[in-house]
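The primary structure of each chain is shown beneath.
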Amino acid sequence: SNELTQPPSVSVAPGQTATIDCSGDNLGYKSVSWYQHKAGQSPIVVIFQNNRRPSGIPERFSGSNSGNTATLTVAGTQAIDDGDYYCQTWDSATGYVFGTGTKFTVL
Amino acid sequence: EVQLVESGGGSVQPGGSLRLSCAASGFTFKDYSMNWIRQAPGKGLEWVAYMSGRGSTVRYAASMWGRFTISRDNVKNFLYLEVNSLRVDDTAIYHCVRDDSGFFFHDSWGRGTQVTVSS
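Chain order of the listed sequences is X and Y. Positions 209 to 315 (the numbering used here) are the ones given, in order, by the first sequence. Positions 30 to 148 (the numbering used here) are the ones given, in order, by the second sequence.
Isolated chain X, as found in the complex:
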């Protein structure tokens, strides 16, 4: 299956560490990207190739991928980290697929 499943919502207190999981068949064999999407703005990539941060993305964002689960970790969460987060993979045969999305709330 090509489906990527994420928890509908994750909440975290400011300054704490939060994780968002992305589950899919043999996901560990694929390259996973993570996008942050705020209302009224275009999505931005915060992690690509499982654990690489584009320039300009804070170090508090990190990623990992193993087995059937990829994980986005936000350490020392700040209010500006609020938004929807999506995982995504690319398959040369079938193209891209987005995860179901997670509403990330900083309490």
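Derived from the structure by calculation, the hints contain no laboratory data. Treat the hints with caution; some may be incorrect.
In silico EDC-like links for lysine to aspartate or glutamate, alpha-carbon gap of 20 angstroms or less [what the hints assert, rightly or not]:
| hint | chain 1 | residue 1 | chain 2 | residue 2 |
| --- | --- | --- | --- | --- |
| 1 | X | Lys246 | X | Asp290 |
| 2 | Y | Lys72 | X | Asp229 |
| 3 | X | Lys238 | Y | Glu75 |
| 4 | X | Lys246 | Y | Glu75 |
Fair warning: this is a prediction, and the values are worked out from it, not measured in the lab.
Position chain Y relative to chain X; hints supplied.
Coordinates of chain Y only, in the frame set by chain X:
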């Protein structure tokens, strides 16, 4: 500055068709793979279609096969999406999206064009 400006959306009845366009500027268009990605009201991001820089590789989401056609004009710097046999659940904002030059992720997004399918 990278600019992606979509047009061509509108309101159509089920079974209707539209041709969406995306005017690209600020970069060497033919060197970049491009995508269409949509977001329905209250729903998540859904990838629709991909085309490589020179158009040799095309991919579609499974539910779009046979109904949607992606194309590009590397002289005029335009990306297109022909959408046919539209269904109510195709109602969404359709975004033109550029891929990073070296890796498979999206690095620039247009603001989108609204497609509404209703009777």
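Structure-based check of each hint:
1. Between the alpha carbons of Lys246 of chain X and Asp290 of chain X the distance comes to roughly 7 angstroms, so the proposed pair stays at or under 20 angstroms and holds.
2. Restraint check for Lys72 of chain Y and Asp229 of chain X: satisfied, since their Cα atoms lie roughly 19 angstroms apart, inside the 20 angstroms limit.
3. Annotation: proposed proximity of Lys238 of chain X to Glu75 of chain Y holds, straight-line Cα distance about 19 angstroms (limit 20 angstroms).
4. For a cut-off of 20 angstroms, the pair hint linking Lys246 of chain X to Glu75 of chain Y stands: about 16 angstroms separates their Cα positions.
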